[in-house]
Amino acid sequence: MPEIRVTPLGAGQDVGRSCILVSIAGKNIMLDCGMHMGFNDDRRFPDFSYITQNGRLTDFLDCVIISHFHLDHCGALPYLSEMVGYDGPIYMTHPTQAICPILLEDYRKLAVDRKGEANFFTSQMVKDCMKKVVAVHLHQTVQVDDELEIKAYYAGHVLGAAMFQIRVGSESVVYTGDYNMTPDRHLGSALACPPLSRAAWIDKCRPNLLITESTYATTIRDSKRCRERDFLKKVHEAVERGGKVLIPVFALGRAQELCILLETFWERMDLKAPIYFSTGLTEKANHYYKLFITWTNQKIRKTFVQRNMFEFKHIKAFDRAFADNPGPMVVFATPGMLHAGQSLQIFRKWAGNEKNMVIMPGYCVQGTVGHKILSGQRKLEMEGRQLEVKMQVEYMSFSAHADAKGIMQLARQAEPDNVLLVHGEAKKMEFLKQKMEQELRVSCFMPANGETVTLPTSPSIPVGISLGLLKREMAQGLLPDAKRPRLLHGTLVMKDSTFRLVSSEQALKELGLAEHQLRFTCRVHLHDARKEQETVMRVYSHLKSILKDRCVQHLPDGSVTVESVLVQTTTPSEDPSTKVLLVSWTYQDEELGSYLTSLLKKGLPQAPS
Amino acid sequence: MLVVRFLPPSRAPSSTLPQPRAAQERGGTGGGASSAEGTKREPHLAMDRECAQLLPALCTLLADPGQPLVDDTCLEKLLDWFRTVTETEPSLLVLKENPCLTELLLHTLKLQDTSARVLSFSLRLAGIFAAQEDCFQYLQQGQLLLGLFGVAGAQGRPAWTIPGVRSGWVQGMCSLAQHPSALQLLDDCGAVDTIFSLQGDPSLFVASAAGQLLVHVLVLAVQGTAAGQPLDWPPCARRIVSHLENALCSPAAPQVTRALNVLTSLFGRCPGPWAQVLWAQLRAPVARLLEREPVPAAHSLVDLLLGVARSPVFRSSDHALLAQALSQLGPTHAGPLALGILKLHSSPQALRTQALGVLLQPLAYVLKAAVQPPGAPGLLDAVAGSPGVVDALLGSKSSCAGLLCQSLAHLEELQPPAGVAWVGTDLPGAGAPSPSAPAEPTDALTWPQAPLLRAVVTMLRFCNGSAAPASSAGGRLCGTLAGCARVQRAALGFLGALSQGAGPQELVTQVFAILLEYLESPESSPTVLRKTFQSALQWLLHCPDAPSSCALGPQTQLFLTELLPGLRKRLCSPCWEVRDSALEFLTQLTRHWGGQAGFRQALLASEVPELAEQLLQDPESYVRASAVAAVGQLSIRGLHASPEAQQERLPAELLRILSADSEGFPRRAAVRVLTEWLRDGHAGLAEDAERLVARVLGAAGRDLDWEVRAQAVELALVFLAQTLGPPGARRPSAEAAPGPPRPPPGPEALRPLCRAQVFEFVFRALFDCDRPVARKSCDLLLVLGARLGPGSPGEPVGGGPSPASVEAALQGWRAGGQGQPLGALGPEAVVAVLRALDLDGLQATLAESSDHVEKSPQSLLQDMLATGGVLGDNQADCY
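Protein chains in written order, with numbering that gives the first Met the number 0: chain Z, 0 to 608; chain F, 0 to 878.
Please keep in mind that the hints were generated in silico from the structure rather than gathered at the bench. Hints may be right or wrong, so weigh each one.
[Claimed, not checked] Calculated cross-link-like contacts (lysine-lysine; reagent style BS3-like; alpha-carbon spacing at most 30 Å): (1) Z:K223 x Z:K312; (2) Z:K354 x Z:K203; (3) Z:K494 x Z:K530; (4) Z:K271 x Z:K232; (5) Z:K315 x Z:K232; (6) F:K109 x Z:K130; (7) Z:K130 x F:K396; (8) Z:K26 x F:K396; (9) Z:K232 x Z:K348; (10) Z:K26 x Z:K203; (11) F:K109 x Z:K426; (12) Z:K482 x Z:K508; (13) Z:K432 x Z:K482; (14) Z:K432 x Z:K404; (15) Z:K508 x Z:K470; (16) Z:K233 x Z:K348; (17) F:K109 x Z:K427; (18) Z:K271 x Z:K354; (19) Z:K494 x F:K396; (20) Z:K426 x Z:K223.
Chain F extracted, bound-state conformation (with noise of 0.2 Å):
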């Protein structure tokens, strides 16, 4: 028996949202988040003289309706800026010293008219002041907070219909809401009452962020005081939870949602003991949901439920709640619940099982709809389909196709990687328990590994025509799944995920059946194909009869062996697409197995290498890109149809595409690959290594992309350090003698560097007007600095030209010229030219961004004001 035991998620799935910038708040214009997260706290952000003398005559300009009105990102940005000022200077000061703030506030107050945009800006750079209590008790002496926020204040306004106003009004106050001298304020104005209107808000983002608020406040009343009873809540906060209550038993289903998301935040986020009392008081209210039919606001149910689970609130009473969620909800939310669940640390084995029951339950029923009883064992077979699973797979193609690709990405976030956790296996057919496994813990799972592949293969069968229902439900779902490509790609990765545990010999020799026949189908779309390789990548990798990764087993071998036609076949496909994804597969193909001799020989006899040279001429660079991947990789491991003839030309073929292929893509390929050979010492390259780098760099120093630059900053790099040995290595010739480390290398070391005019390369390189090739290029030098010490630069030799005209060069590159070429430098003027470059404050200049001035607040700042000045007619032009 296989078992394996659910481990906590390290980290949400690449196919799970990250939690909702929605918490952090975003304009109701669609502006940006409050949260400054993308503002680095850099020292030049500071409050400085320029910016503080800049100040008051933007405070003018936003006071002035008059004035055009600067967009939205810049208001954004100047929020961004004072946020971060405050976070690293005292509020009050800032505010003190600059007084055209708090007149700004004031102006909004008394202007009727003010703009949208401005009232919005103001009510936020208030609560971002107001947020330190000093700075709130200095606002709120002219009772400007109250004006602000209250309801004679922005409420009460024409502009309070704006979204963006709401949204601002609701960020301002979150902002400040973080003292209780904040409290008394939220009262004053009735915040409360606001905010519970706001939860139903037209806005997404107001609505959303007013829930964000409500947790905020709530979780601001508690703070400090001691948790007792239901009826002990702070009054505000007692406000908020009967609120909540309420909502909970009320029949509209936007109102228990939206309590429902208020409630999950703030278990998140609730002092313990207080959250012990909400859950007590607001735990037969969430029961009775579910009593409701339909159960509303499901998903904000499941949320909430999963939320709590994971809390220090969760009592074990509380399992009953979720095995009963788990049979009330539909298939398509009872389903995340489940993953939930089996996520979870500690639960009992019976609430496991029956949430892997759901999970499996959409599959058992695609199994049983092919299998004729008595089959092999199939999933769930005691278990009869629910009728909602039932029901989902038998409606329309829409649903099915849905359920079966949610539960299908549900188990393979639960697939236990290869090696972890398996202690051994009661299923028939599966593979021998691990030695090494660790003992079965009591309420360990099984993980059906067996009949979810037999499953897997039977869904893509259903998908491709290929497998006979049973049962004439079995047909309606046959006809459902029939080249549905949604579920192909899903079941696919699911197939590739089930790679990494065991399974019966003959399963394995079904799913490599399955593949080669997606493989192989005219049917299979672009996106099908692509997962097929992928799968097929991940089961060649991890198959069970290869003694390790890079080695082959008969089957394997033979699987490999059966692809090549399929592979050689897509590699003529007419779509980019499929010949992008064939030439992708054989470099890794050719990666992992380029050495085994069964591989070798079987590709040498299909056509493939040729094939894939042909593609170096692919009217789609993406496609030229990969065959130069895949033709790299194969020469590296000498398989070409004719070894001798391809060791000359390849290299030239690589250079041509450098020199003359209009995209970037090939280009870039071609001197990774030439990178690639010189590192591996290819033997191409390695009879006139310095002629073939001379050549690419001389190339690549004319290429129009950066990216070919800064990869041809990698080659030197790699030349360099293969002219010059490894840092402290003896010489080959003296390897057997024993002695002290070799000394650092003399100018004369660096003379083959000069004849490849590697020096003319990463000179220019060093003012290259792409920041990232000017930065390789100075890490390149200051490594070279570093192997040859300190030391007096030798006298030039040969007719080179002199150190200073050399400076005088690189003075002229560093002001934007292109200048004439070096010619050929010596060892000597190199040596002296670069002692004499202060590589390191170069280094830092580089460090910095390209636009770290435009985007500095001075910058900033001037740019607002004088957008002011002429805006007209291009402020709302675009592309």
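Extracted from the complex, chain Z is given alone in its bound form (with noise of 0.2 Å):
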């Protein structure tokens, strides 16, 4: 019995870090190769070992898929094919491609920078891991193999984040990896999405398995806008008030979603308080969102040749010095969860001034400073001082997941067989997975990590049908119908690996044979010591005033026929007074048949006397 089998090494049940196994029709494919931020140690790796035992993992997968440039999803790739060895391909969409390097190689910096976690993969693996990288663009059906095909679809979330379809015969599995249902105001669709659409989108592929993020499993978000006016508001009042605004972020992803916002803002209010971003990103943000412009939305699309969109008026890059500059200002800084670098020696330089404020637009994990003020500490110990923060501390989440009705909108648009959710939380998955089991009638699951789920699958063999075939139902006066499905009976024949349909004269005609017919009969015994031939009248009589849309005939050798049914009637010379009826019938008048049996055993009505 073929089967899809799915065990999350990560992302079952948490959001820890994604590396989910699929098995599809004997291909093993591993879905995103994530990192445990959580973790300083090897914990931060899924465990490959579960996979292979003693193995080689190259002999093992036929390939590798990253949905999309997060750490989360990405992080333990050179750990992957340069420490263990996976030498097999790896594919993911030309943004990520370009933008996950750059990502790999700062959360290498700031892993070496720490003391202790000197074993950590180098810059030549990273950019040897990308060599192994090969890039595809969406809607591209790219052959893994002769038999594994995979599709990119757009995800949203970030630039170059994509949903991936894998197909191994008839049997397909989608994986949407994070992706959004709402609209962004810096990306947009790829080119080839229907029109309009500025947010994920699949086609109605009708896959075996959908495997969905379900980090928002149990809400419906309150409006982006409402949020980004939030926003504004705060860091307006503090720029007002005199006070700076710290804004840590990542390298690349929500940040150039927050800049443009804030440039339009300062344009629009005609603000005159300075924007910094750290560390050269303007730049490099430039270069990939121009060299990636379908990526990003029609109104970007559109202003690109009056205007770029990414070349800020209003936001400079920033430099060191500026940070004891008198004044109000805004700095975007590198790392976002204020564990080292930049961003944290700004805020210690900030934090003891209660006008000014630290915006957190993202999750920080635990042991980084960003997670203690989001926690409410305000007294912090560093380089051996205490650090009391007196400045505004606020958390806006940005992140960019669908929510419960945006995962429930995008099943529906693929609609799937079953569906499996990862990345999110045990008891937020038990609230969706009934939603689904409920709405869409389909069997939903949750696996934790570790945890495989087996799911059987029917084979479906495509049919050729031939035209002769086709045109004998169409006189029939039956015209097709998408909606409905029809029977059809025919001879299959199975020639080269392939199969039709024809019908049974064309069948014995190809394969040169002779038709024999095969025909079911029986006897009824009936007491009746008439002659013959008026027993058969009787019989002939009786068939015909019961099966009136029928076509009974009586034949001149003494038979009876209804439609393929042929009924003889014989004496047995030993007992006159008994005559045997012979029912014989073709498979096709099965039914008709045994009706006729049975009801000829009941016996003949009394003639009138």
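Given two chains presented individually in distinct reference frames, assemble the corresponding complex, making use of the accompanying hints.
What follows is the structure, encoded as structure tokens:
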């Protein structure tokens, strides 16, 4: 029995890191290869030894697919390919291929910055890993090998994020990665998507299984506009009172969304306070968004010729000396969790002034200063000194995930047979699982890490139908209707690995065979002392009276027929008062033959005397 | 004849996974390992007063089901810390001094609706403390452990359906099962039956952990008891052995697999005499597995057989079992077994020959497919391909590629390093034996270098369509392999490894020819090309006609010349991966053979140096960085198209890259090359090194990439060493004159360094926000301080800033301020500041991790407490 097996090594009932193993028709595919940001030791990487025990991963895996560049989806990739030794293909979109090494490099530098993390992948390893990447375009069907093919769909979320359809023969799985179903300010649909669509989109591809993220499984998120307004209001207020605003961000991603937001607001309100962006990322972002302009939204693409939205008028490159400048300012600085580097340095300078503000636009793991201040701690020890945090601390989530409504919408769009939830919390998944099962009438699974879900699949075999057979059906006046399945009788011919349904006559002709007819027979004994001829007439009349819609005939040879059913009457020599009715029929009239037999067994009606 | 003795592996190959962390076990919810390997045993990890004060509140928080929960990683880290604490302090004392911990466990026991996370945490915490026998007894006084681990405890709760809880139970049990008292608990709470059932758990993590626990319990049960007959097993161990024996006879493959995995671990851990008894008892059921068709759990069976073969229980009579396994198992499983056998120290010649035959069969088949008899001698001429091998090769593309890649990888592992144990040759066409080779051991195997080379070249030819098959089966194989990048990569990898052995001239020519074909073919994918470059480099380095690795023989010289057009073409490839690999290859070529006249001539005649320079403008940053490295290496070797012009232009170009490139990689590469040039006395820098150093440090000081700044400190160090001369050296002018060693340099010797603004850069770097830069800078100043020696600072001369103003600026920088530039520092001010700075103290501070405070247990406890109060919407947020 063919089956699809799914085992999450990460993202099974958690949001720590994604790494999901799928086996489909004998092919093994790893979906994402993420790193857990909460650990500093080897627990940050998925434990691949569960997959192969002591075998070689390259022999086991057919390919690795990376949905997008966030480290919880791609952070373990150099570990997998350069330290564990996976040598096979790694698929991702072009923007992900371009941006992934930057984030890996950023993280590597932070990790090396800390004592005790020397045993980490190197720059060279990141590069060597990226050389194994095969970049794909949206909607391009890529043949991994003779049997396995993959296709990427637009997922929103961040630049380059994609959902992937994985197909082997008639079996398929769709993996969403992270996605959002609401339009974005800077990202948009790819050119090949339906017009004006600015959110994740997928064909009605009816996969056997849809593996979807479920971060906001129970949430209907408030309007994005409200969150944006709130953000702008807070920044504006802080700047108005002469304060400095620090926004710790990761190198690329939501930072660009917030930059466009602030740039537009500054322009509209004619604000003068400077906005800075650290680490030269404005140029980098510019470069990548120019390079992948087809991924940005329509407005950005349209105005690109007159004005590049990523060439900011108000946002300038940050120099370390600027942090000491008097007066208000807004600074976007890396890294996003305030755990090292420039953002932490600026935080230390500004934390003591209550006029200042820090806005954390994303999640912070335990062990980072970001996590501490978000949990309300106001006295921190830094470099051997106590630091009192007087500045205002705000958390505003700008992570772009689909909410419950969006997840349901995507599932309706794809029409899967089964759904499997990953990248979410167990309790929230439970709610969504029930919703899916009730509203979409599909089986829904939510395995924990290390648990395997096995789905039996029915093989679907394509069969060609001969024109002759179709014409014959048409001749009966039944027009084809795509929405209604129809039963068609014919002969299945299997030749050269192809299947064709043809009329039996054609099959005989093609195969050079003579026709043999198989008939079912049954004997019915009647007590009737009359002459044989009279009994036949009684049988004829009886059948004629009951089967008014059928063609009942009395043939010259003394037999009676109803369609292909033949009734012959004989008188046994040893008992002339008994008549034997020999009923025979072909398999097509099985039902009718059985019915007539049971009817005749009940006897003939009494003739009027 | 080339003969090699297979040596045992010194370490696991990189392509093979390390021992599974599964063995160390992890949380069922994908949390962390129970081992605290990532945690350093540092004094600040002890249970201090502050931690002890925070613990009660945390326990209260954990015990309160109404409180929002901290995440799994925090609980994992907390357990790591408790493990560290109990390793350094008596557990009982810790528990008595912190009664809140016992209260938490009691509370978990009482409260039926404890969350799964806290229940799992409590089980593991109890296990950590109960690992010490006195603490175990203390906890057992109130039947606490029985309550937690017994049927009425965690197992009876609804939360038992959650894998994290089952995992917690297994890990807790594993931690506490350290002493004989634990065996009684295991018995009382029916743990062995629970473990048996957990072996089949739907969670891989739990099932694997249960298997390891079973091993652990059995080892504990037999510890300290004398081994006897199979019937003498201690009761607990007897149950486990009997369970394993039954499982081995089971018709269900998963049960057999589990039993085999447990046995494999057991033979690595069970005390010797008991291991003997165990093997004597279970050898027969294991052997019977080989009689089944198909052999169940073949992968695990191979692991067990090799585990046994490496252990002292293995007897010479067991060789027959290995031989039987080799012939019964399919090629996919026989391969790893054959590899393992060949790595064993002492196995009979016949068995090793059989094992080598298994590995060679797929390649022998490939070779035969292309050779019309009578051709050159093949591999295993006498052996017909086994049906399994033929089926795999002629079946689907995947099975064919899978088997070939596996065989190539195994053979690559066996490939002896150059010069090791080569003891003669009887293979036709093979090179002469090494005169220094040791005597051939009687049981040495022949390493079929020449036929292997032939087979790999044939395989590569099938893949690129340049070989003609000699049979219909060969035709099918040819069709399957055509364009198969996976096989191409594996074959090129093995071909490179084969370069370490000798080969007949005609075969080396074929190797060079196929490498050139791949280099020039438009069909070669970027990953295949990269392997081609690597393989070509290995052949160039080990080519038999080369007098040394840096000299070129005629054949190598020809190859090197012929590959330059291919290299030139690849430097223009539209794929960045290819351009980058080509540049990396060029850098290596230049490094090794840049001084060879023949190579120089050929390279200068090609357009390669010009193209490499053009790639300094490549749109891809990786390529620009590789181009910087390549051009730097070419320049050191004087390999420019127009040397005079380049000598001037290149340093300026590198400075431009350093100041203007938007990406870190090229900027880093630029500083690295300039450092190398400075160290090697590159002609382009000789005239005005001071000015160049000043410009580099000026640009690097403003760089936002800390690795650029750190590399610039390295450059400063090289400049410093060159300015001051090596420690204890005499002045160049006094070289001929005998006399005492030179005294430490005076402040005046620092003047060139001051002119190059080294100190402005280094002092600022001392307080860099990125710790590696500060550390390097501190190290440099310590080196300088040591060179200058003790002494009183001289009077400030000239109009530079005074030591006091420099110190004030340093204080400002230390506080995180940027301040104004120092201005022209004089040597005296530098010396004064240097002596005023507590560099040793600073070095000690910088040696600590930048997040050591955040990583401390106090910080963890504070975070958990703080999070408990406010955790809300952002709990499950992520990117």
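Quick rundown of the hints versus the structure:
{"no.": "1", "hint": "Z:K223 x Z:K312", "in the structure": "holds (24 Å)"}
{"no.": "2", "hint": "Z:K354 x Z:K203", "in the structure": "violated (53 Å)"}
{"no.": "3", "hint": "Z:K494 x Z:K530", "in the structure": "violated (55 Å)"}
{"no.": "4", "hint": "Z:K271 x Z:K232", "in the structure": "holds (16 Å)"}
{"no.": "5", "hint": "Z:K315 x Z:K232", "in the structure": "holds (21 Å)"}
{"no.": "6", "hint": "F:K109 x Z:K130", "in the structure": "violated (57 Å)"}
{"no.": "7", "hint": "Z:K130 x F:K396", "in the structure": "holds (24 Å)"}
{"no.": "8", "hint": "Z:K26 x F:K396", "in the structure": "holds (13 Å)"}
{"no.": "9", "hint": "Z:K232 x Z:K348", "in the structure": "holds (24 Å)"}
{"no.": "10", "hint": "Z:K26 x Z:K203", "in the structure": "holds (24 Å)"}
{"no.": "11", "hint": "F:K109 x Z:K426", "in the structure": "holds (24 Å)"}
{"no.": "12", "hint": "Z:K482 x Z:K508", "in the structure": "violated (33 Å)"}
{"no.": "13", "hint": "Z:K432 x Z:K482", "in the structure": "holds (29 Å)"}
{"no.": "14", "hint": "Z:K432 x Z:K404", "in the structure": "holds (13 Å)"}
{"no.": "15", "hint": "Z:K508 x Z:K470", "in the structure": "holds (18 Å)"}
{"no.": "16", "hint": "Z:K233 x Z:K348", "in the structure": "holds (20 Å)"}
{"no.": "17", "hint": "F:K109 x Z:K427", "in the structure": "holds (27 Å)"}
{"no.": "18", "hint": "Z:K271 x Z:K354", "in the structure": "holds (18 Å)"}
{"no.": "19", "hint": "Z:K494 x F:K396", "in the structure": "holds (23 Å)"}
{"no.": "20", "hint": "Z:K426 x Z:K223", "in the structure": "holds (25 Å)"}
In summary, the structure is inconsistent with hints 2, 3, 6, 12 from the numbered list given earlier, while agreeing with the others.
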